[in-house]
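J.: Sequence:
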Amino acid sequence: MMEEVRLAPRAPEELQAIIGPERVARLVTQSAEAMRAALRGRSIININSTPAGGGVAEMLQVLLPLARGADIDARWLVIDGDEEFFAITKRLHHRLHGEPGDGGELGGQEAAHYDEVMRRNVDELSAIVVEGDIVILHDPQTAGIAEYLASRGIPVVWRCHVGIDGSNEWTDDAWAFLRRYLEPYVDAYVFTRPSYAPSWVPVDRLHVIRPSIDPLAPKNADMSADKAREILSYVGILDHPSAGPVSFLRSDGTPGRVERFADIVQTGPPPAADVPLVVQVSRWDPLKDMAGTMTGFVEHVLDNTEAHLVLAGPVVTAVADDPEAAVVLNQTWDHWRALRHHQRSRVQLVCLPMSDGEENAVIVNALQRHATVVAQKSLAEGFGLTVTEAMYKGTPVVASAVGGITDQIVDEESGLLVQSPRDLAEFGGALNRVLMDPDLARRLGEGGRRRAIEFFLPDTSLGLWEELLVSVMTGDG
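If you're matching positions, the sequence shown starts at 1 in the numbering used here and goes up one per residue.
Just so you know, these hints were derived from the structure itself, not from any lab. Quick caveat, the model's predicted, so the values are computed rather than measured. For each residue, glycine too, the CB sits at the ideal point set by N, CA and C. Heads up, none of these hints are tricks.
Pair by pair, the computed Cβ-Cβ distance ranges are:
# : residue 1 : residue 2 : range
1 : D115      : V410      : 38 to 48 Å
2 : E299      : R442      : 20 to 30 Å
3 : D115      : S247      : 41 to 51 Å
Whole structure, please, built from the sequences with the hints as guidance.
T.: Written out as structure tokens, the structure reads:
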């Protein structure tokens, strides 16, 4: 069954302490008023493939409550799919990043199954979407819905969150599969970078909107160093006294508790609270290259510093549209088991609890704040919200110079960029620089926070979405 994710409205004025009154006024009096006038009581409906566990879900959880708080009717639906469907769309995900993925086909049989899943979702959608609504479809999982919406005269925006600069045989394969579902039916395309769009997307329908984070959400809200240590101790990541479950404030203002433990693979006790931590928080996805991060740390950092490495991702059963997660986690375990004993004692593999999304977010917040340096050694990256999150918290970041990460980090000013993500010596050298030079770490952290506040908070994204959606609804886009 197609699922609706219900989110409570949030007043945009809540952001004023961070972005200032001028930016709030621009959002409330200009963007929101223009959107309401264009909608005239109609709905903006977002459709994606999972309510939790990925960057798309996190962005919707940020933007939709603020839109609703400005009296804009914004809704969120999640499609239903089976294991074979998500294997096909994960294949598309990898190929849009220029990688073969599982090496499977994208032929007639795969298209037939994709079409069947789309038909089932369209049957449910017919009772939800009405004339006058505008629909934003997110990523390859939803592309097949565009034809049905267009047949009813409903404007369609397709938002692609992934891609690479340039093309190769794998991107060509993915776009050949998707083109039939999109080209005749989509009114506007949104990409994170213009270079991610295929050549057949008309320039006048191409829009660029970068993601943003919510600075007040549990994942990013202010947190003291003592609170972060207390949380990480309770879940098992730090060896530090803990009295029990740790309280936090939920998005709706009600109290919550961190009361579940992380699943941790480690040798010996966890590190003490004063041990430097290199932290990478990612999905268990081959493009995040957790095993490569581990190898780079062990070969080029471990013997030079006292630092430990934490590789953290979600419990693998929690993300419905990611069938590869368990395989990648098992492969990462195999790399860890192959290390020498003293090396394994400096590396933790952590699966974070996902039963309560805000509990998970608070643990990630604590990890990113406590980290001495946050790493993101992705092989490809559509944008990389974990980079934005760490920058906002003032934690120095070492990341691959790929995709949207290069739009976030100005090398040597707001983080360090590793020019070749497969060059483990370069990666390890960048980590060593930050770990061994507190002044550099402080400067990069301060520069990252300034840049995150200036460019990657939700008022910026909402303003661009307002311009795009108004132009589509009024026929000017």
